[in-house]
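Asks: Sequence:
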Amino acid sequence: MGLAAFQSPGRFFKGNIHTHSNRSDGALTPDFVCRAYAEKGYDFLCLSDHFLERYGYPVVDTEPFRGEGFTTILGAELHAPENSQKEPWHILACGLPGDFAPLGEGERGEDIARRAALAGAFVGIAHPQWSSLSIEDGRALAGIAHAVEIYNTGCDIETVRGDGTALLDALLNEGHRLTGYAADDAHFKIDDMFGGWMMVKAEANTPDALLDAMKRGHFYSSRGPEIEDIAIEGETLRVRSSPVSSACIVGRGSRAAFRGAAGMTEADLPLERFLGDWCRVMVVDAAGRQAWSNPIFP
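Anchor point for the sequence shown: position 142 equals 845 in this note's numbering, and the numbering is continuous, going up by one each time.
These are calculated hints, taken from the structure and not from any lab test. Glycine included, each C-beta is placed from N, C-alpha and C at the ideal position. Keep in mind that the hints are not guaranteed to be accurate.
Claimed, not checked - With a Cα cut of at most 20 Å, we get these calculated PhoX-like pairs of lysine-lysine:
#1 LYS743 with LYS892
#2 LYS717 with LYS743
#3 LYS918 with LYS717
Stated by the list, open to error - Simulated restraints, written as ranges between beta carbons of each label pair:
#4 THR968 with GLU742: 27 to 35 Å
#5 GLY966 with PRO805: 47 to 55 Å
#6 ALA730 with SER837: 26 to 34 Å
#7 ARG842 with ARG958: 33 to 41 Å
#8 GLY770 with SER945: 44 to 52 Å
#9 PRO805 with THR939: 48 to 56 Å
Input sequences plus hints: build the corresponding full structure.
Replies: This is how it looks when you write it as structure tokens:
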């Protein structure tokens, strides 16, 4: 997972897979949203409007808005009854067919998530901290979803509940192998756009190649810093990045390793405490913006 993004062939493509338009509760039209990301230098976008009856169960066709160096992936934010808070599930499905069927009678969150995965989607557990999801909620989707949304810009701005790493780590502790992605969840009503994204390592900037790479865990996520390489040499993990102020590994319980220096671009971190288990790498720049690797199993 985490190492594969730096060992696999291809190059990194920047994209966001959780965004809304006026086809659900966003402010702007789909074409304007796609153009905004293309002009900001993104390579791909998944427009994930709310898949609800009141919006007509939209899987918005964004193919007309593709252009040179910019592609789109069809998707939606799925909803079904009900999580531990007695509220509807929010499940991100990136890579849906345009004719994906509405919620069926008696379908629960696990059911629609499974149906989306079988239809070819990359499935994510959206904004778990914002939803106050429990570990039981995570377990319900852990064998179906590919990933946990570990950062959500909109939730961070509006509620300071944008960090979803706690649920990912709890599931990793139980042996579930999920990845973690960042997204902005932009609705374009406040300044919630362009604040979190994925860097996907693929051989081509096409929907099929990107989705395959996402499902394999060939990506890292960021709010700003670039992770250029992560490699393991013996019992040492080396991370190279754009200039950052700190680099750390976190794992089960309180296990952690840290290096810090202003403008640092390389750090060697000891792996002894993580061998035979899992860990994640994070770097933080001078502005406090993070980048996250996917889980590594040294």
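Asks: Each hint: holds or not?
Replies: Results for each hint:
no. : hint                           : verdict
1   : LYS743 with LYS892             : holds, 18 Å
2   : LYS717 with LYS743             : holds, 10 Å
3   : LYS918 with LYS717             : holds, 16 Å
4   : THR968 with GLU742: 27 to 35 Å : holds, 29 Å
5   : GLY966 with PRO805: 47 to 55 Å : holds, 52 Å
6   : ALA730 with SER837: 26 to 34 Å : holds, 32 Å
7   : ARG842 with ARG958: 33 to 41 Å : violated, 22 Å
8   : GLY770 with SER945: 44 to 52 Å : violated, 27 Å
9   : PRO805 with THR939: 48 to 56 Å : holds, 51 Å
The structure fails to meet hints 7 and 8 from the earlier list, while all remaining hints are met.
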